Each structure stands twice: as C-alpha cells, then as structure tokens.
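Each chain sits in its own coordinate frame; assemble them with the hints.
The listed protein sequences derive, respectively, from chains A and B. Going by our numbering, the first residue of the first sequence is number 3, and it counts up by one from there. Going by our numbering, the first residue of the second sequence is number -5, and it counts up by one from there.
Derived contacts from chain A toward chain B, CB cut-off under 7 Å, selection only:
hint, residue
1, 143
2, 147
3, 151
4, 153
5, 154
6, 155
7, 167
Below, a list of computed lysine-lysine pairs in the DSSO-like style, where the Cα atoms sit at most 30 Å apart:
hint, chain 1, residue 1, chain 2, residue 2
8, A, 161, B, 122
9, B, 70, A, 53
10, B, 104, A, 53
11, A, 157, B, 113
12, A, 157, B, 110
13, A, 161, B, 104
Restraint ranges, calculated between C-beta atoms of paired labels, are given here:
hint, chain 1, residue 1, chain 2, residue 2, range
14, A, 81, B, 88, 23 to 29 Å
15, A, 137, B, 4, 42 to 48 Å
16, B, 234, A, 123, 57 to 63 Å
17, B, 174, A, 27, 52 to 58 Å
18, B, 104, A, 25, 27 to 33 Å
Keep in mind the hints are simulated off the structure, nothing from the lab. Computed from a prediction, not measured in an experiment: that's the story for all the values here. The beta carbon of each residue, even a glycine, is placed where N, CA and C say it ideally should be.
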Amino acid sequence: METIDVHVGVDEKRIVPIVWLGRGDRHVKARILMDAPGGSVKVLCIFFAKKGMFKLETEVIHDAPNTFSRTLVKGVLDGDAVANYEGLVVIKKGAKNADADLNEHAILLSQGARAGAIPRLEVLENEVKAGHGATVGKVGEEELFYLATRGLSRKEAKKMIVRGFLESFVDEFPPAESKEIRSALLKL
Amino acid sequence: MNIMSTLTIKNLHVTLEAKPILNGINLILPQGKTHVIMGPNGSGKSTLGNTILRHPSCKIARGTIAFGKNKLSSMKTDEIARAGVLLALQHPQAVSGVSVTNLLTIAIRKFSVKRKDFKMAHFRNDIKETAKALHIQDEFLSRSLNDGFSGGEKKKMEILQLSLLPAKCVIIDEIDSGLDIDALKLVAKQITKLRARGVSIIIITHYNRILRWIKADRVHILHKGKIIKSGTQALAKDIEKNGYSDYI
Chain A
3 METIDVHVGV
13 DEKRIVPIVW
23 LGRGDRHVKA
33 RILMDAPGGS
43 VKVLCIFFAK
53 KGMFKLETEV
63 IHDAPNTFSR
73 TLVKGVLDGD
83 AVANYEGLVV
93 IKKGAKNADA
103 DLNEHAILLS
113 QGARAGAIPR
123 LEVLENEVKA
133 GHGATVGKVG
143 EEELFYLATR
153 GLSRKEAKKM
163 IVRGFLESFV
173 DEFPPAESKE
183 IRSALLKL
Chain B
-5 MNIMSTLTIK
5 NLHVTLEAKP
15 ILNGINLILP
25 QGKTHVIMGP
35 NGSGKSTLGN
45 TILRHPSCKI
55 ARGTIAFGKN
65 KLSSMKTDEI
75 ARAGVLLALQ
85 HPQAVSGVSV
95 TNLLTIAIRK
105 FSVKRKDFKM
115 AHFRNDIKET
125 AKALHIQDEF
135 LSRSLNDGFS
145 GGEKKKMEIL
155 QLSLLPAKCV
165 IIDEIDSGLD
175 IDALKLVAKQ
185 ITKLRARGVS
195 IIIITHYNRI
205 LRWIKADRVH
215 ILHKGKIIKS
225 GTQALAKDIE
235 KNGYSDYI
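Isolated chain B, as found in the complex (with noise of 0.2 Å):
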C-alpha cells in the first residue's frame, strides 16, 4: 500500500431517529493497525460502523470522521466505499437477482477504472479460490446473494466481498455471530490476511472469542455512546472472565 491513512473520528456525535446514540467518539486508526471495538447492547457499536460509511438514518450531529485526505463525514457511502473503506454487515441484505460474482465484478469496475494490469478473467478465479479458502460452495458464488443463506453462509459471503476488494480500511461488525468455530477460524484467516496486506480493521464484537484468532492492536470499550476504556488485547480478555460490570 503507497499511501497511508490514517482514521480519524473527532468528536462524534450521532443520533438515530432523533435519539442521540453516540455522545463523543473520538478515535485515531493508524493505516494497518487492528482495533477491536467491545460493549454491551445497545452501547451502539452498530451504530458506528454504520455511521463511518454514513447510513441514512445515522445521523452526524457534531463532530468528524476522516480518512486520510478524504472527509467521510460529509461523502456518499459509495463514494467512502470506492474511497476503500468498507463494511461487513451485522445483517446483510439478501439481493434478489444478484449472485455476488455479478456483484462484485460490477463493483471492482467502480474501483479499478484507472488500473490497466486489472483482468476480470484473473478476478474471477479470485472470487473462486477466495470461496474455496471460506469453504464457501460454488452454488452460493451463483445464487441470488443472501437470499434464503444462513446466519453463518452470509457472514462468510461479507468477509469474502471485503477481501476481494481493494480495501484500506474495513469494519466488521459482529462477524463471530452466527458462526461456528470451524467457519469463525476460516473467517479469522482471512481478516488475518487482511491485516497482513497493511489494511486497517476495525473489529466490532461483543465476544472475545474471535481475538483467540487475531492480533489487535486495541480494544476499546464502547458503553452509552462513549469510548469510556481502552487498552491491549489483555483488556478483551478480562472482559471475558469478568463481564463489563468492572467498567460500566
């Protein structure tokens, strides 16, 4: 990756049909580092990932996000997309018609326009060999995306469009529900490999289960629309064994 950038989010605050969600977020995500975000229901976890890639009903109500040079807090969440910053829904969308290989070439031509050794040939034995390392049947690469998949089928088809991609930054949000431990491996793979490639990533989890698989770099605790604890992977750990009630 030539340029670094950075994820900057000052002072956020976000409300969600007119309810205030997010009360000053502040967070600093150096290009390739990994951060996990931790908290109980309803401390709007969600809510941020959703707000980074600018959901409609999210809205911003003081403060910034920036990613490098771009100020995503006031694009489109398309344009943050082909900016490389991407989401792995909590709850993806089924898309009636759409098998994600139409998906995602249509989409890596929105990202590869001005990439001449780009061959769609090459990209589509990605999304093959990407498939086969998620243990991910050939059958779902063709069927309308999402529709009638299982909790754990749609997890794997998000951490597959993220990885073929050409991201910077991506957001998972709760990508260890619904997965079983053999799927929750495979996932951790490739966000490993994700991190490898010097992306940025940040975890959004209620568990510390998945952190058995992945490095981070940072855990924060999220509680009322608040960063109100941060520290290293040994925070998340502690978590696990003693519950939030030692930090809420």
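Chain A on its own, in the form it takes in the complex (with noise of 0.2 Å):
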C-alpha cells in the first residue's frame, strides 16, 4: 500500500493527484489534513484499466475555519478491472465555513468490469457546505449499436466514449500528470 500524507497550510492551495492506468495492481491511501485556516485542496484521480485491481482511500479533514476541499474520482474500467474507492471526509467542530465535497463516477465498459464507491461524510459543525455522489454506469449494448450506426466499430465507439468522459477532466491534473493522461489515452 501507498499513502500521501498531505499538510495543508494558512492560505495554501493544493493539488493532489493520483493516476492509475491498470499497470500493475495498486492501494492507494490518502490522508489530507487542513488544520490551518483559509486552506484549500483538490484530491484528483482518475483511473482507466483493463484488468487488474485498484483500491483508493481518501480521508480529507477539515479542522480550521474557511477550509476548501474537492475530491473528484473518475474512471472507465474495461475487460476484468476492478476499481474500490472508499472516500471519507470529515469537517470538525469549529471549521465553520469549511466547504466540501466528494464524488466519484465510473463508467463500466465489459461485463467482467467492477467498479464499488462508498462515500462517507462526517460533519460536526452547523456552518458548512457539504456534498457527495457516486455513479457507477455501464456502457450498453443500445449506447454502443447507436454508435455503430454511424459506421464506428465496438472498438472505436469504446474509446468515444473513454475520451469524452475523461477527457475534460484531465485538464485539471497538473502538467506531469495530464501529459502521462493524454498520452495513454491517444493509445486506446
């Protein structure tokens, strides 16, 4: 297992990305803490595979007033990957205008494709803006004979479908890893 352990200072902004693209089996544990007032923080991942297995722990607490934090998991999982993501995030008594929120959203391309997201918040201050979601959708046969009626093969509307649900998204990442993104997604 892997863990990011990330301090976020007064003031500061982070980024915190995480990819993976289904080479090799990967646990990923994140751990953000904001304890310093004015502090904001994207958690980033996005995942692509077509076998292999990808777990994803984020914990994201927010213990300082005017604390700001974004986790966004997005993935697409082909043939036998299986991807879990477990999200927490937590805002203390005494954060007060902490503003948070937590999604995930996975699209499934195959039939052996797995994808589990159990988002949890804990909130113990009244002052605070908070939200979740999950989506775990699959690419049906209707979705991919309407493609194929304009004349793109199972492959090439598979990887239609990849690119547009990504794509918009990797612009988020930073430089590194957008270009590690976009590189693997040109080779579809």
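Shown next as structure tokens:
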C-alpha cells in the first residue's frame, strides 16, 4: 500500500493527483489534513484499465475555518479490471464555513469490469457546505449499437466514450500527470 | 451517385428475445426510391429497421438482406453503416461527453478515407449550415449528444447526422413522433433533399402526417410481421381516414 500524507497550511492551495492506468495492482491511501485557516485542496483521481485491481482510500479532514476541499474520482474500466473506492470527508467542530465535496463517477465497458464506491461525510459543525455523490454507469449494448449505426466499430465506440468521459477532467491535473494521462488516452 | 444499389429483403424471419416478430418480409427498394412502412403498434416496423442494421437483439432466423453487392444479413452494424445504409433511431441514445460535432468528425473519417477532395474545415461548416437549416441552436452542437435533449431535438439530431454522412440508403424510424408541425416540416425538407440526391429512403411511421411533405413511391402496410398490402400514396391517405381495420 502507498500512502500520501498532505498537510495544507494557512491559505495554501494544493492539488493531490492520483493516476492509475492499470499497470499492475495498486492500493493508495491519501490523507489530507487541513488544520490551518483558508487552506484549499483538490484531490483528483483518474483511473482507466482493462485489467488489474485498484483500491483507493481518501480522507480529507477539515479542522480549521474557511477550508475548502474537492475530491473528484473518475474512471473507466474494461475487461476484468476492478476498482474500489472509499472516500471520507470529516468536518470537525469549529471548522466554520468549511466547504467540501466528494464525488466518484465510473463507467464500465464490459460485463467483467467492476467498480465500487463508498463515499462518507462526517459533519460535526453546522455552518458548512458539504455534498457527495457517486455513480457507476454501464455502457450498454444500445449505446454501442447507436454509435455503430454511425459507422464506428465497437472498439472505436468505446474509445470515443472513454475519451469523452475523461478528457475534460484531464485539464485539471498538473502538467506531468495530464501529459501521462493524455498519452495513455491516445494509445487506446 | 455512381453505383446503383437496390435494397433487397427476401423472406425475412426475425425473432426478438426468442419471440417471432417478422414472419417473411419481402421488399425491393430500388436506388433513389422512397418507400413508407406503416402499421399498427407491435406490427414489427422498428424491428425491420433495426434488423437491416443488424441490431444484436434481432436474430435473423431465415431469409436475407442485401444492398447491391453487400450481404447485410452477414455483416456487422458498423460495416453496414459504412456501406452507406444508415438508420435514424426511434429512441436515440445519449452519449456522455461526446457532442454531435465530435461524433460526426470522427465518423466521417471512417467514410472518407479514399476521398482526396475531403476537407475537414468544409465538413465542419456543413455541420453548421445543416444545423441552421434544421433550426438547431449552436449550443446543441457542442453539448453531450442527446443528453437531456427533448424528443424533438433528438429527432433533429438524427436527421442532421443522416444528412451529413455519405448515405446511400436511409431508414427513418418514427421521425414524426415528438415533433411539432414546424419541426416536422424542417425535417421533411431535409429528407426531400436526401431524395433529390438519389438516396433510397424507408420511412417507418404510424401516421400519414409526414407524407404531406414527402412524396412516396410505395406504401406498405405491415401487420403481424408481414407486408399485407402495398400501394401508392393513396393507401396512406385511406389509412388516415379509415384506420387499419379494413386491411388487418
């Protein structure tokens, strides 16, 4: 298991990028502590794979006023790839005006692919904004048929859906990661 | 159009989830002609359209479908489309993250590999012009295709795509449902343009309504998976007046 520990200082802005492209199994645990006022963090995770297992745990702790966090996990799984995600956001008492959001969206391109998501919020302060959501969608036969009627093979249709789903998200990553993801998307 | 291709359906039997839906369809559509398939609910109209494009749920039990030299009944959906046979779906799917412009610019490359005179910039312009003719607002060209679109917008998007891809034969499934009169007129105008280009057309419909603006060469009535009557446009008018009961 790999661990990522991040401490966000006063008025500091951080991005925590996590990328899994299916090259070997991976288990990542990221813990972000925001105990200084005005800190801001974006935890961004993208995954797409045809095989292998990915486990991701994220924990964002708001322990100071005016802290801001976004946790966004997006992925596409094909073949027999598996991804499980557990996301936790804690807003402690006294973290007034904290603003937190936690989201996971995954698309499955095959019968064998599996994705699980458990998002959790623990809010102990009243004057906060907090939200979460998770969706796991399947690219069904009807969608592939539709694209086939426009002349696209199954492979091309899947490629188009993956790129369409992930491309706009890639721009939010730091240059090194976004370059890595883009070159993987091109190889699809 | 240089090559004349006739769509020939011979003794076509099709099952859907093991239930027989089409029970011996025979149909010949010469290049450039417009045929209308009418019939009550559940007569197999959409199944016929879906089978021509080889929808995975529609199993051909017997019979053949050919378009010129292409044996559609043993081809894959995308190969059939690239042979120039296109389908406007009754219920087009939403495609997340893919706009109609994305889809068309990728799809056209599949068709235009051998066309040296093809210019993507011209094609993008054609998309805009055709959208304008259909009164499709610009924002719909860049939004996720059919995602949250109204019934009418989805239907216009289907005709937009069929107008821009190099079609030789189009099957248009219930394009008139969900369209108001003004939208229907715009859609009919595009279909008439396809006809003028020499494209063969099959219009699957419930009502005579769209035939006020489109000239049909033949009208067929489908009932219980068989064509029970064929005639001229007068047949469609008669059905509008008297219903199907005289024929079924």
